[in-house]
Amino acid sequence: MVSNLTKSRIIEYLNAGKRFDSRGVFDFRDLKIETGISNHAEGSARVKLGKTEILAGIKIGTAEPYTDSEDAGVLTTTAELSPLSSSKFEYGPPGIESIELARIVDRGIRESGMIDFKKLCIKEGEKVYSIYLDIYPINHDGNLIDAAAIASVAALLTSKMPKVDDEGNVQFGEWTNKGIPLTKNIPTTLTFYKIGKHILLDPVIEEEESSDARVSIAISHDKKPMIHAMQKGGYESFTKDEMFKIIDEAAKKSKEIFNQINKQVKVENE
Amino acid sequence: MSYTKRPDGRKFDETRKIKIQLGVVPNADGSALFAFGDTIAIAAVYGPKPLHPQHLQDPSKGIVRCNYDMLSFSVSERKRPGPSRRSSEISKVTEWALSNVINLEEFPNTVVDVHIQVIQANASTRVAGINAASLALAQAGVPMKELVAAVSIGKIDDKICVDLIKEEEDYEDGEGATDIPMAFLPKSGEIVLIQLDGKTSPEKLREAIEAGEKACREIAKKQEEALKEAKG
Chain F
1 MVSNLTKSRI IEYLNAGKRF DSRGVFDFRD LKIETGISNH AEGSARVKLG KTEILAGIKI
61 GTAEPYTDSE DAGVLTTTAE LSPLSSSKFE YGPPGIESIE LARIVDRGIR ESGMIDFKKL
121 CIKEGEKVYS IYLDIYPINH DGNLIDAAAI ASVAALLTSK MPKVDDEGNV QFGEWTNKGI
181 PLTKNIPTTL TFYKIGKHIL LDPVIEEEES SDARVSIAIS HDKKPMIHAM QKGGYESFTK
241 DEMFKIIDEA AKKSKEIFNQ INKQVKVENE
Chain P
271 MSYTKRPDGR KFDETRKIKI QLGVVPNADG SALFAFGDTI AIAAVYGPKP LHPQHLQDPS
331 KGIVRCNYDM LSFSVSERKR PGPSRRSSEI SKVTEWALSN VINLEEFPNT VVDVHIQVIQ
391 ANASTRVAGI NAASLALAQA GVPMKELVAA VSIGKIDDKI CVDLIKEEED YEDGEGATDI
451 PMAFLPKSGE IVLIQLDGKT SPEKLREAIE AGEKACREIA KKQEEALKEA KG
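Heads up: the protein sequence lines correspond to chains F and P, in order.
The first sequence begins at 1 in my numbering and counts up by one.
The second sequence begins at 271 in my numbering and counts up by one.
Warning: the hint list may mix true and false statements.
Unchecked claim - Pairs of lysine-lysine residues, derived as BS3-like cross-links and limited to a Cα-Cα distance of at most 25 Å, are as follows:
1) 457(P) with 245(F)
2) 194(F) with 362(P)
3) 362(P) with 88(F)
4) 194(F) with 474(P)
5) 469(P) with 252(F)
6) 184(F) with 469(P)
7) 457(P) with 194(F)
8) 118(F) with 491(P)
9) 469(P) with 224(F)
10) 240(F) with 362(P)
11) 197(F) with 245(F)
12) 240(F) with 491(P)
13) 240(F) with 469(P)
14) 469(P) with 255(F)
15) 240(F) with 484(P)
16) 349(P) with 127(F)
It should be emphasised that the hints constitute simulated quantities derived from the structure, not laboratory data.
So that you can see chain P by itself, here it is in the shape it has in the complex (with noise of 0.2 Å):
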């Protein structure tokens, strides 16, 4: 039996359904809300700010820095507060995807603060936080090149699914699940992050990164669309 029907119905190249709300904190100078059904992500961005402590101030440009976090009940296992190697590095694959359409030549020796919280999981937390930060960034006024989209594209057995959910990562039979989160620009077509967790041939490999662009330009639109109603 090869994998041929999603659990949730859903077509092989089709997301779970969107959603977009602008300004969720209104402390933060840009906030939004990202869900892929029920993976639910808020982000938050605060500045440019001038940086503390000074020593990691850039006098040629300001710097941004990333902080993702699940809450300890967005799971089914209660997840210890705090910190751990995984946020960690997700943070920092985060920070780096958003930096690259970053400009902050004007604002020197500042941050940008972004914070990310997963309200709510059901796989593709990372890319729903990436989502969520480039609307808020964008919200908030950060000079962009343009818009970060990402989505995470499964191989389950050996179909190239877009938009993962727990049920899918899990997947044992055949050829099991390999999970691809990418990040795109969709306007050049770059690869702004990329990570792969299971087992692929290097041609499916490339089949899934086409699937990624493909879905990340469709969810940019989205961005926009949900950008541009907000400024009304």
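Just chain F, with the same shape it has in the complex (with noise of 0.2 Å):
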């Protein structure tokens, strides 16, 4: 945890509108993304923001649909926030910590439309393909969530169909040359920390033990900006007005995020 003195001393900068690594409240740091991280799964990307690092993997086989969507593949999303990415973490079976992550990232891609669902049916009411995506980070230094999002939303990009059998059983290790079926709704989700007083974007690690609050909001942009995820966090409240300015900056702040994945992953699907 990060200590009282720290946190009265990350507030102290932010009332001289400063922060510890001298960037501005809405600035990310350093993104990187690298797609093809695996040579086993359909789609995977490694994401770094400044030092946080975080693996995002898909895998896809066949299951039975939801008896309310017969003709909808299936999206299961888990993180695994192992002990070896940060001392926070401890062994042992999903904590809220990682449902919430899971579910967050989760929202955002299944909202958004992203993911085209109906074209992932293979005969109606008794198999669909079944996309899993999994989330692992590998340091956290803050930020987890929207890094999550994106090394999820670019592992989702770069997937590869597997082959499947004549009873629609997947070949595992053979694949097509067709991607996932997507839309242009590619969601880019932003969480908003409230620390004191003030509201900024991608904190490191002692920013974001020191933050009261946050929201989370997925945005696409295909024409207009469109929300299509919410999720506020922590004990403290937003006012109303805190709330306004928060969609207004992630609808202008999540475009140039979008448009750094654009430029860095390189989708060579049909």
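Hints are included, so try docking the two chains, each in its own frame, into the full complex.
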């Protein structure tokens, strides 16, 4: 945990309009996206955001569809916050932190309509493709949510559909040259952190641990900015004005991050 | 065709009929039932009481723990009993929303347990649960800054609707359905919970937040009335 001293220093700096690493409040650290980092995964990505590093991988299998959407593929997202990546994390069954991280990323992808689930149906009511998105932090230096969302989108964009046999079983290790059926609604998730009266993006771990509340917003930019998912976290509240400012900033800033993803992720699928 | 009429005939800014009952769990230190029409949630509060295991204790104040769940037969397709990823997340966002108003500095090393059970569900269950919990906490006499009021706001096609039902949540025509549960502190106007699922422009989201604040103020009035009445 961050000490009270560090926290009051962070606030002191913010009061003077500064951060420890001299970034502006809405500036991201250096973002590096690498795709195709695993040769067994259908798609994979490594994202580095300053010293935060996270891996996301896609595996695709087949499954029975849900009874309320028999003609649609399924997406399952998990995150494992391994103690390898931070002394904050402990071994054991997934805690609320990893559940929430996975659900925020999942919701952005699902609600944006980025994946065309209807095209993932093999036989209605019987067999559909099942996409597993798994997220593993390698080094936690703050802002895992946004880094995980970027890695997940990059992995999905560059995934290849596996071959299936006549019975619709996946031939593991053999791929088609087709990608996952996607739309143009690519979500970018931004998480705004509140420290004292200040609001900032992309915190380092000391800033994140000093924050009292956060709100994550997933936005796509096909034609106009569209908000697809939101979640507030933490014990402190937001005023309505703060929330309105965050929504406006999110619409602007997410475009910038989306452009960075577009620039760094090369899609070679048909 | 745009969305011009709600399936149950309500006005767009109208909640379902609100029902409040206090003391529904006599064993608890405080308890309440809160219903938006046929969505019914009960909440029971136990504490402040010593927190075990001891290493979770905070010597500077008491803490709040929330636990939200649904009865297996509260929905049409049976829900598997026991906690799920969904219920863990809802429990946590509820805990964040309620903790904001609770002041337990006078009760170091203690816990206040808030248990929420959805008896019958027709959407808006987490917000019904928060309203019930807020009432149960007040009835238990837990020191609170003010009440918490919660409501689900929806954007159905292009219309902002207050207090969604399942049929609206599942609406697929036009722009479809966006579900935005929120909780406000009605006096200060602060937001202590917001989640969103769906698709909305920033402008419509602002409109939804305004509608949420207004609805929460009305709900808080009903909560206050019920508490006053119970005191006699």
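Exercise. Hints broken by the structure, by number, lowest first?
Worked result: Structure breaks hint 8 only.
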